[in-house]
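S.K.: From first to last, the protein sequence lines are chains A and B. Residues in the first sequence are numbered consecutively from 1, following our numbering. Residues in the second sequence are numbered consecutively from 1, following our numbering.
Hints in this document: simulated from the structure, not taken from any laboratory. All values reported here derive from a predicted model rather than from experimental measurement. The C-beta atom is built at its ideal place from N, Cα and C for all residues, glycine as well. Warning: the hint list may mix true and false statements.
[Said to hold, decoys possible] Lysine-lysine pairs mimicking DSS-like chemistry, simulated, CA-CA at most 27 Å apart: (1) Lys42/B x Lys83/B; (2) Lys78/B x Lys42/B; (3) Lys61/A x Lys78/B; (4) Lys49/A x Lys61/A; (5) Lys57/B x Lys68/A; (6) Lys78/B x Lys57/B; (7) Lys57/B x Lys49/A; (8) Lys68/A x Lys49/A; (9) Lys83/B x Lys57/B; (10) Lys42/B x Lys49/A; (11) Lys42/B x Lys57/B.
[Claimed, not checked] Derived contacts from chain B toward chain A, CB cut-off under 8 Å, selection only: (12) Ile38; (13) Lys42; (14) Phe45; (15) Ser48; (16) Ser87; (17) Phe91; (18) Ser95; (19) Asp96; (20) Phe105; (21) Gly106.
[What the hints assert, rightly or not] Here are some of the chain B residues that sit facing chain A, going by a computed Cβ distance under 7 Å: (22) Pro8; (23) Glu56; (24) Thr102.
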Amino acid sequence: AQSVTQPDIHITVSEGASLELRCNYSYGATPYLFWYVQSPGQGLQLLLKYFSGDTLVQGIKGFEAEFKRSQSSFNLRKPSVHWSDAAEYFCAANAGGTSYGKLTFGQGTILTVHP
Amino acid sequence: EPEVTQTPSHQVTQMGQEVILRCVPISNHLYFYWYRQILGQKVEFLVSFYNNEISEKSEIFDDQFSVERPDGSNFTLKIRSTKLEDSAMYFCASSDGRGQETQYFGPGTRLLVL
């Protein structure tokens, strides 16, 4: 079955430190991949997405993600975390093709940022 | 920047009652979705809607659920007879295409069934 896994439920980093949030997918073919962020009381905001081509994708707010086919991974990174990055982060995938856009989400990773 | 809006932000209802959750998608979008997130669990796909009909639905989306686009702007999710396990955050989303197109999410409606 198609699935997305985020192994880390909760990550704590210090402000200014680097960040990597992990995401693995299990699909028959490479899906379309997305990272969303949810701040308290807000909807899900798209950070970045990958469809094809360059495996390093740049997004908003200084985030980037790297697609690695050999590892079925799409990890999110940020070189220097700001306190405002504290939120919950969701990795999601869409099978493409005949899919009508159904997104399959990972469990989410809650990011806490210490001053 | 255009955004998806949802009303109400919170709803409390008694088990067995009908609820209607409302969404206003982004105006030029053609594809509409409902997702839900039970507390502590993943965001789950419920249904997608295109060209005035359901295009895909999950196993969760049984006969108790229905969706409608009653006019040119609103998109609703109705739960006919709510159960305790329907308590969740319900997100509406819209996109101007499928597949690789970005889905824009609303802030959600927190539904509590007592």
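S.K.: With reference to the structure, classify each hint as holding or not holding.
M.R.: Cross-check of the supplied hints:
Simply put, Lys42/B and Lys83/B have alpha-carbon atoms about 19 Å apart, close enough for the 27 Å limit, and the pair holds. With a CA separation close to 21 Å, the supplied pair Lys78/B and Lys42/B stays within the 27 Å bound. For the suggested pair Lys61/A and Lys78/B, the alpha carbons sit about 36 Å apart, so the restraint of at most 27 Å is broken. The hinted pair formed by Lys49/A and Lys61/A meets the criterion: a straight-line CA distance of about 14 Å does not exceed 27 Å.
The hinted pair formed by Lys57/B and Lys68/A fails the criterion: a straight-line CA distance of about 30 Å is larger than 27 Å. Proximity of Lys78/B to Lys57/B is assessed by CA-CA distance (about 14 Å); at most 27 Å being required, the pair is judged to hold. Of the supplied pair hints, the one linking Lys57/B and Lys49/A holds, its CA atoms being roughly 23 Å apart against a limit of 27 Å. At most 27 Å may separate the alpha-carbon atoms for a hinted pair to count; Lys68/A and Lys49/A meet this at roughly 14 Å.
Of the pairs offered as hints, the one joining Lys83/B and Lys57/B holds, with about 19 Å between alpha carbons and a cut-off of 27 Å not exceeded. Under the criterion of a C-alpha separation no larger than 27 Å, the hint pairing Lys42/B with Lys49/A is consistent with the structure, at around 19 Å. Restraint check for Lys42/B and Lys57/B: satisfied, since their Cα atoms lie roughly 17 Å apart, inside the 27 Å limit. Using the Cβ-Cβ criterion of 8 Å, the hint placing Ile38/B at the interface with chain A is not satisfied: the shortest such distance is roughly 12 Å.
With a least beta-carbon distance of about 5 Å to chain A, the hint placing Lys42/B at the interface is held under the 8 Å criterion. Taken as an interface hint, Phe45/B checks out: its beta carbon lies about 5 Å from the nearest beta carbon of chain A, inside 8 Å. Interface hint at Ser48/B: satisfied, since its Cβ lies 5 Å from the closest Cβ of chain A, which is below the 8 Å cut-off. Violation of the interface hint for Ser87/B is found here, the shortest Cβ-Cβ separation to chain A being roughly 18 Å, above the 8 Å cut-off.
Checking Phe91/B against chain A by beta carbon gives a least distance of about 7 Å; that is within 8 Å, so the hint holds. Proximity of Ser95/B to chain A holds as hinted, the smallest CB-CB distance being about 6 Å (cut-off 8 Å). Among the interface hints, the one on Asp96/B is violated; its C-beta lies about 11 Å from the nearest C-beta in chain A, farther than the 8 Å criterion. Restraint check, Phe105/B versus chain A: the minimum CB separation of about 4 Å is within 8 Å; hint holds.
The criterion of a C-beta within 8 Å of any C-beta in chain A is met by Gly106/B, whose closest approach is roughly 5 Å, and the hint holds. The beta carbon of Pro8/B comes no nearer than 14 Å to any beta carbon in chain A, farther than 7 Å, and the hint placing it at the interface is violated. Satisfaction of the interface hint for Glu56/B is found here, the shortest Cβ-Cβ separation to chain A being roughly 4 Å, below the 7 Å cut-off. The beta carbon of Thr102/B is positioned within 7 Å of a beta carbon in chain A (closest approach about 5 Å), and the interface hint is therefore held.
In summary, the numbered hints that this structure violates are 3, 5, 12, 16, 19, 22.
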